[in-house]
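J.: The lines below spell out each chain.
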Amino acid sequence: MNVSIAHKRLNEVLMVDSVNSTQFDFLATHVPFRTIKIKHGITTDRDNESISEEEIYSRYFESDDMYNKHQFIVVEGSSGSGKSHFIRWLYAKLSTSELNKDVVLLIKRNDNTLKSTIKQLLDIPEIKNIKNREAYERLVRANQTISEKKFKDSIYQSFIVEIKNEDKKDCLTSVQKKNLTTLLTNVLFEARMLSAGGPIDRIFHKIISSSGVATEDALFHDEDFRLDIDFCEDLRNSGADKKAIKMAETLISEEDSEMEKIVCSYLNSLVENVIQSCAGIESGDFQQIFKEIRQELYSQGKNLILLIEDITAFTGINQALLSSLEIEHTGLYEDEHLCRLLSVVGTTSEYYRQFRDNYRDRITMQITIEDGAIGNYLDDLYQFFAKYLNAMSLESSTLNEWYKAGAMNSDYPVHRGEFSWSESYTFEGKKLDLFPFTRQAIKNLYFGMKEHKTPRYILRHIIEPTVTEILYDKKHFLRFLCNKQSNLNSMDAGKIMSIVNNMSFADNSEDKELYKSRALAMIGFWGNGTFNSDDKSIAGIPREYFKEFNLAEFANSVGASNSSVSFVDTSSSDNSVVKPDKLQFPQKYIDTEKTISDWHYNNKPFFSSRGEVRDAVCAFVFASINWQQAGIPLKLKESVESSNYKLVAFERQDRAIERALLILKDTDETYNVLCCFNRWLYLGNKSWNYGEYCKDPTISVGNDIYTVTVWLEKHKREFIDAILGNAYGVLPNYIKCGMAMDICAKLLNNDIECHRLSDLSVNNLTISNKTKKIGIGHSGAWDDLLNSIYDAKEIFSVHDFIIGCFNIIQGVGAGGSKCILKYSLVDELLREIKKNRLVIDVSEKSKFPAFATIEKGYEDIKGKLGIVAKSELELAKNKIRELLAYWEFDENCELEESDIRDLLNDIKNFYNEAEQYGITVQSRKNEAEQFRLKAGEIARTIKNLSEDYTSCDDIDIICAFSSNPTKILNDLIAFLINVNNDVENVSSRMQEEKNAQIRKGVWSSDVDPRFASVVDSFNVLKGEM
Amino acid sequence: MNLAQKIESCRILMSEVDSNKSKATADLKKSAENTKFFNLYDETISVTLFSYVFVKKILNYNFSPEIQKEFNSCVDEVSRILDSKQVLNIGAFNKRIHDIGSRITSEWTSYSDNATKDYIERLGMCRMFFSNKMEVDRISNAIKAIRKWPLNKKTIEEYIEAKGKAEEIFSKINFDKEVEAFLKKIYEKSATMLDLSDHIINWIKENKFEGNLMLSIKT
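Residue numbers (our numbering), protein chains in the order written: chain Z, 91 to 1115; chain C, 19 to 237.
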C-alpha cells in the first residue's frame, strides 16, 4: 500500500455507494459477480437459476431476441449487498455499447428526489422538444420561493390534515388518531418534530432537493416518537390538552411498547400523499410526463433503458413510477406510440416484499443478489480486498488513463508493495499487494462478521478502519479490533496476556492494557488460530508484521520453539551480577522501604503518605480474585472498589484507618507483602519486571510473585468476607434490604401480583419499576407510602443496583443493556428473604453511606407496612359493608354469585323496560352485563376480603391486596350508586306523572284511587276520636 | 327497601303510568270535584281530626257540645264520601268545614291561653333569676306553641316536655305567696323599697339572689 497516495485517495475509493464513485475507480475495484440468482417472472414455479453477470448481460441486454421486448427487471437484495454495484456495472456496459438506438438513463440514489427525477428525465437530450416541457419545468421550480419555515409548517400541517381525512382502520383506533392529532398540534411536540434533522426536516429536503443531496429516507423513524417522562412532565406543566398528554403517555408506556412503531408506521403510510400534495405534483403528473417522454423517443425511433439504483428511497413517487414502468409499448398500448422500455430497478428485499404482489404479473425478471455472494469464493474475496487496496494506492490520473484506454484487465495498473514480505494476490498475472492484510486476516475478519456480509459492510467495517489506522494511528494498529471477539482459545489468550504482563512499560498501565489487546487482536485475527511460533513467524504471521505494527517487543518476548511459548526474561539477559551499591534505586522506593521497615521493626505508625503501596495492594486484590466465582457479584465488588473506603489498612496506620474494611496486622507476612509491592511499584514501574534491579541478588521477581500469590490465597476468604460486610446469609444485608425494598415497591405499585409472599418468584424481581399508580382504589396510607417511595426516586436506582448485583458479567465489559442473572444466587436470596418474612436485621448498618441509605430506606418502608395493611383491611371492610347495603345484607351475610347475578338481571330489565316505555335515562345495560360476567370474581373477592386476616402478617396482607382486589368492588359500588340514582329519579318522575294522570281523571279503574289511599288513615283517626 | 325492591316498585310504576297513557277517556269534571275534596281533606280535615285526637288523648281536652256536634256531622259526611267514593256538592261542604275550623280555632285559643297563662307568667319571673335564660325562653316558647291550632304530634310532645321542665324550675326557685306577689310587682316594674319586707330579704339571702337585684331612683 502506498501510504502517501492512500491519504488522498482513501475516501474517494471507499465511497460506499458505488454510483457515486468515479467510473475509473468503479471499474478498478469491480469484482465480477460469479453467481447471481435470476427468476423469470415471479409467478412462475421455475427454480432459480444461478448465472454470472456477464451471462445476464449477454442474454437480456445484448440478445437480438430480447431487444424489442418490454422488460421490467427488479434487482433485489439486502442493504449493501451490491445491487447498486451491479446496476452501475450494467450502466457502464450499456454506455459503451454500440446500441445507439437506446437512451440509457441512470437515476442515482442520492439524486432520486421527486423533482430531481423529473428534472433528469427532462434533461435527456433526445426529448428537448417534448410537448408541455415548459409546464413540466414550472412544476419542478414550484415551491422554490416559499421560505423554509413556511414550507416545513405546511408539510407538518399536511400530516394533520391527512390524519383527519383518511379512514384506515388497521393501524390506530379513531380515539388514538384524535389523540395523535392533538399531540401533533401541541407546540412542544411540534418543535420536536420540526427540529433540525427531525422527520419534517428530512421530508422537506426530499421535496425541495432537485440537486441530489437528500441522502436520508424521507420517513419517520421509531425514535422520533421515543418520548421520556420529562417530556410528558413538560407537557403537563405547559397545560397541554389531555388528549395530547394521553398520547404521549401511551408512547412512553412500557405496556404499550409497540406504540411508537405503530404510530411511526401509520405516519409513514401518509408520507407519499403528503409529499405529493406539498410538492404540488400528483401521481398522474408523473405518469403523464413519462408517457410523453416515451412518445417523443418513439417518434425519433429510439428506445429507453432506465436504470434506477434504489426505488426504496423514491418516497413520494414510488407507486407512480412503478405504474409507469409496467406499461408496455405493444398490445393494449400499441396505439399510444410509446418507445420500448427496459427498466432495471434496484430495491431492498424488505421494500420489494411490500410491492411485489401488486406487480406480480408485470415483473419480467427478478434478480437476487444475496448476502455473502462475494464470500462464496475466497478468491473473489481476496481480489475484492486487493483491488480496493491497489486502487487507493494509485493516483487517480493513472486509473483515469487506464479507463480512457478501454479499461482492459490486461492493462490493469498495479502499485508496487512497500514490503517484500507482505502477501499479495495475483490478478491477470500481476501481483496486487494485500498489505496490511494477509489472506488469513481477510478470511478471519470476513467470517467474523456476524451479519451483513455485503461489499458495503466489508468496506465500512473492515477495510476502512484498518487502512485508517495504518494511515493515521499506526502506533496503535488494531486498536479498532480491541473489543472484538476473536477465535483465540482462552489458554492461548492467557499466554499472550501473561507475556505482555511481564513486559515493562515506560508509561502508565493504560498503554499496557491497550498493548495487550492489540497483541491479542493481532494473533486472534491475523493469526492461524494457533499460538505456535518459530524464528520466522508467530501464529503463522511473519515476524516482520509485528515489527511493522509496533508489536516488536511482544514478538521478541515470544520464543522460537515450535509448539510452546517461552518467557524471555529480558531483564536477565545479562547474567553478570552487579553489586547492589552500584545500582541507583529510586528515591521513592528507598523512602517507602524505610517507612515499612520502621513500621514493622520499630513499631512506628504506618504513614498514610505511603498510600500508593496500600493502593497497589488493594488494586492487586481486587484484580486478582475471581469474585464471581467466589459468589460476589461484580456490581457489588465495583461498588465497594469505587467507594471512599479502602479494602485494607495497616495496623497503626496514622490516618483513615476507620475507613478500611480489613486491617492487616503487623506481621512478618504483611511486611514481606508490603516490600513486594514496593518493588512492584517503584522498581518494576507497576510490573513484575524489575529490569536491571534484578541484578541485585536480594531481589527476585519469582520470589515476589510467589510471596504475594501465596499471601492472597491464604487471605482470600477474609477479603471476600470484608466485601460482604454485614452479611448474615448469602449476601450483605443492604442487598437483602434493597431486594425487599424493591419487592415492597412492586407490590404496592401493583406491578406484581401474588396472593401470598410464598408465591413470589425470581421473575417478579426482574420487572423494571414502572410509573407509580396512585388513586386506583387503595387506601390513603397505601398511596402515601407508595408516594414516599417513588418521590424519593431511589427505588429505580435500587432496582438497577440489585439486578446489577446478580448480573453475570461476561468478558471484560460491563456495559450492555442485557443482563444474565445468576439465578441460583437470586433464588437463594429470595428464599431467605421470604423465609424471614422480609424481616432483616439492620441494627448493624453498612459502613458505606450509599448502602446504609438502602438499609434505612427499607427500615422506613417496613415500619409503615403495618399501618398500610391495617388501613387497607379497614377500607375493604367498609367497601364490603357499603356493597352489602344494596341487598340489605348485614356484614355476616355471605353475598353469593347468584345474588349478584339476580340484582344485575333486575337492573338490566329495569333499563330494558325504561327504554321500552321511552323514559329518558342513560342506559347502563352494557355495564350491568360486564359486571354480571364478573359476578363469580366479585363474589370470590368479597369472600377473600372477608376472610379473617388476624393470623396473617403485614406482608401477607400487602400481598393479598397487591392485585388491588377492592378495585372491582369500587367499580361495582360506583355502578350501583348510579343505578340507584337512576331508579329513584325514574320513580320520582313516574310518581309525579301518575299523580298528574290521577288529577286528570286517568285512573287504572273506574274509581278515583285517591279514595282508597285515604280511607284507612281516616278510619283510624275517626275511631280514636 | 333494598335496590331490587326499589327497582321492582319502579318497574310497576312505569308499567302503570304507561298503561294509563293508553286510556282513551277521562272524567275531568268528576276528577276536579274529587281534587277539591282531597285538597280540603289534606289541608284541613285530616289535620283538624289529627289535632283533636291528640289533644283529647293527651290533654284531655274536649270540644264544646255545639262544636262537637257539628264536627261529628262533618266527619260523618267525610265517611259517607269515602264510602260512596262520590263527592257531591263540594262547595257547601267546603264552607261547612271552614266555618267549623274557625270556631274550633277560636275555642282552642281561648282554652289554651288560660291553660298556659300561669306557666308563662311564672316562667317570666323565674327568668329574672335564672342564669340560663335561653333555656327558660325555649321552654316558654314550647308552651306558647300549643296555642296555635291545628296542632301536630311534635308540638304536643314538646309542650308536655316543656311543662315538665317548667315545674322543675319552679321547684328550684322556692317562693311562697308573698314572694310571688313581690316578684310579680318586679315583673310588672311596680315594686318599691317598701315591698322589701324581712321575709322577702331573707328569701333573697337564702337563694343568694343579692347580686341579681339592684336599686334605682325613679324621678
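It should be emphasised that the hints constitute simulated quantities derived from the structure, not laboratory data. Incorrect hints may appear among the rest.
If you want a taste of the chain C side facing chain Z, the calculated C-beta under 10 Å gives, among others [claimed, not checked]:
| id | residue |
| --- | --- |
| 1 | L21 |
| 2 | S27 |
| 3 | K48 |
| 4 | A50 |
| 5 | D60 |
| 6 | E61 |
| 7 | L100 |
| 8 | I108 |
| 9 | F188 |
| 10 | K190 |
| 11 | I191 |
Virtual Cβ for every residue (Gly too), placed ideally from N, Cα, C.
J.: If you take the shortest Cβ to Cβ gap from F188/C to chain Z, is it below 10 Å?
T.: Since chain Z brings no Cβ nearer than about 33 Å to F188/C, farther than 10 Å, the hint is violated.
J.: Next item in the hint list is D60/C. Is there a CB on chain Z closer than 10 Å to its CB?
T.: At 8 Å from the nearest chain Z Cβ, D60/C passes the 10 Å test, so the hint holds.
J.: Identify whether the interface hint at I108/C stands, where standing means a beta carbon of chain Z within less than 10 Å of its own.
T.: 13 Å, violated
J.: Take the shortest C-beta to C-beta distance between L21/C and chain Z; is it under 10 Å?
T.: Constraint on L21/C satisfied, holds at 5 Å.
J.: Quick check on L100/C please, does its C-beta sit within 10 Å of some C-beta on chain Z?
T.: 5 Å, holds
J.: Given S27/C as an interface hint, is its Cβ closer than 10 Å to any Cβ of chain Z?
T.: 7 Å, holds
J.: Min Cβ distance, K190/C to chain Z: is it shorter than 10 Å?
T.: At about 37 Å, which exceeds the 10 Å cut-off, the nearest Cβ of chain Z leaves the hint on K190/C violated.
J.: Closer than 10 Å between Cβ atoms is the bar; does I191/C clear it against chain Z? Give me holds or violated.
T.: 39 Å, violated
J.: Does A50/C hold up as a contact with chain Z if the rule is Cβ-Cβ below 10 Å?
T.: 8 Å, holds
J.: Does the CB of E61/C sit less than 10 Å away from some CB of chain Z?
T.: It is violated, given that the least Cβ distance between E61/C and chain Z is near 13 Å, above 10 Å.
J.: Next item in the hint list is K48/C. Is there a CB on chain Z closer than 10 Å to its CB?
T.: Holds. Min distance 6 Å.
The structure shown violates the earlier hints numbered 6, 8, 9, 10 and 11.
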